[in-house]
Amino acid sequence: MTNSALGVLNEIYVHSANVNNAMVMTIIGIYLHAVFVSFTLGFPLAILAWLITWYRTGDALFINYSKTLTMIWAVNFALGAVTGTIVEFGLLDIWPTSILLFSSSAFIPLLYEATIAFIGEAVLVVFFIIAIGRWRARYTLGILIAAWLLGSLSGYFILTANAWMNVPWGMGEIPHSLYPFLPTYGPSAANLTATLNLAALLLHYTIDGAGSVALSSTNFTSLVGTYFTNPWLPMINPDAVVTTLHTLLAAYAIGVGAVALALSIRFFRTHDEKYIKLLKPLLWILTVVLLIEPIVLGHFMGDDVVAYQPLKFTALTTLTSGPGVYGYEYYDPVEALFAYGNPYHPLYGFQYYLSQCSSLGNTTFGQLYGELDPGMLKYLGPLANVTLAQNCEAAVLSLEPLAPLVSAFYYTMIGAGILLAVAAALALFTYLVRVPILSVITDFINNEVLGVLIGSDNVMPFLASAMAVLSAIAATAGWAAREIGRQPWTVYGLITTNEVVTGDAITPGFVAFVITILLVIAIVGALAMYYVATRPSLLDRIRELAGVVGHE
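In the numbering used here, the protein residues as written are 1 to 552.
Be a bit skeptical, because a hint or two may be false.
[As the list claims (entries may be wrong)] Okay, the calculated beta carbon distance ranges per label pair:
hint, residue 1, residue 2, range
1, Ile542, Val469, 30 to 36 Å
2, Asp443, Ala137, 32 to 38 Å
3, Thr320, Ala137, 48 to 54 Å
FYI, nobody ran anything at the bench for these hints, they're computed from the structure. The beta-carbon is built from N, C-alpha and C at its ideal position, and this holds for glycine as well.
Using the sequences and the hints given, assemble the complete structure.
Spelled out as structure tokens, the structure:
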């Protein structure tokens with residue numbers, strides 16, 4: 001690769017300082033929002049478990065704690081809305097090219113999320129605050145379940161948009177034409193001319209300093225127009241279904257796990273048996289979710305990566321594959337078994353993808369556009385003399401330095417997932433159901449091993465705490481592996497991260513300012529939830545002041 005070609009391609013594929021600074025802000029903002037979203041999705045399940053127990057037993061302990069958690073849920077929902085708004089504006093201001101996604105592949109999901117799921121959930125949260133402990137059981141539970149379902153539906157719509165960024169379903173052969181190691185992404189719903197025009201504009205302005213400046217070009221709309229002709233296709237993206245189920249179950253586990261962790265800590269401090277009574281209904285949710293999510297859905301997520309993001313799959317296995325990962329092919333029996341169902345199947349290294357790039361020959365961007373879209377040749381500039389093979393190689397090489405980090409996050413997720421499954425099995429077969437042989441094994445571990453080490457009374461809350469903490473670790477690491485492994489692209493195989501970032505300078509000072517605001521929101525949010533958590537009668541006092549009446 002010549003120095004001139006390398007310089008041009010570095011502008012496209014190697015993260016600029018602006019990108020690195022923007023990613024710091026975005027990562028912190030999204031993770032903060034994800035915490036509140038997970039609580040919003042998990043708390044209703046804990047409330048539901050307690051309410052059902054109350055209806056069955058008449059024990060006032062469960063309704064009292066349900067009311068308290070309802071207030072925490074309401075505060076958390078508001079915090080989720082605030083942080084979600086910040087993240088949304090951040091995407092538009094810091095990553096302006098993302099407006100292309102909002103107006104095309106993500107338009108239908110985000111429209112339905114805002115107008116149906118979010119608004120509906122907000123209304124039902126208010127109704128539930130009015131209903132709990134006052135309305136009949138079927139109405140109260142119905143409102144709670146409906147609110148939880150709409151919250152989950154909101155998650156589906158948002159995750160559908162994210163899934164399209166990882167698996168751009170409907171772009172057909174276009175990514176494969178540029179990067180031969182990529183598959184075909186469903187039927188072709190892309191307007192080829194509009195897509196080529198868009199690519200030329202983004203590449204032109206990226207080489208000049210910032211691809212997002214292309215959107216301010218006076219002729220941008222007339223040149224690009226509608227480049228994605230079927231906005232419904234992302235809704236049936238095969239990756240969207242798996243991503244949604246996997247991510248939502250992880251969110252449920254984190255939300256319910258946070259409640260279980262708080263109860264466990266209170267038990268460790270007081271040894272009050274009421275916390276064990278409150279904890280036991282939550283164990284059902286945690287154990288079932290955590291035996292399904294990492295084992296079943298985790299496997300299907302892995303299948304999607306192998307099928308649709310092969311370069312990411314290679315990066316994921318870097319730390320266990322030795323130097324072979326940088327060669328043509330290597331062998332990893334465990335990964336091969338899960339990926340291909342055959343432990344002897346070779347895994348492909350970075351050199352394999354580089355060899356695939358060479359199949360593009362010596363065709364240059366100038367020749368490609370001269371044949372398919374000659375009107376855009378003037379925008380290519382120095383890129384006109386760069387070959388498609390060189391472009392493909394640059395994409396592969398740009399992920400190599402990130403591969404160990406991606407792999408570290410991946411194996412952290414795997415390790416946490418294994419421990420989660422073990423903790424869930426120990427809790428399930430000792431404290432919830434009795435199964436021959438399995439319960440004997442878990443009883444021995446819980447009573448004769450853990451019981452000796454930490455005390456028999458502490459085993460159940462210890463397992464609940466372990467599931468809570470490990471759920472957060474697995475989810476955090478898994479999402480990091482997913483998003484970092486997508487680099488150098490924002491939309492896999494189509495739009496690079498450098499083509500999306502703002503052209504305005506993002507200084508370290510500005511980054512520090514934004515992070516400070518996010519940390520303040522996190523601290524104020526935590527204090528607000530602590531305030532309502534320590535005032536059990538707050539809900540009843542608020543309803544009295546509002547003049548809410550009714551009876552159970």
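Evaluation of the provided hints:
no., hint, result
1, Ile542 - Val469: 30 to 36 Å, "holds (33 Å)"
2, Asp443 - Ala137: 32 to 38 Å, "holds (36 Å)"
3, Thr320 - Ala137: 48 to 54 Å, "holds (52 Å)"
Comparing the model with each earlier hint shows no violations; every hint is respected.
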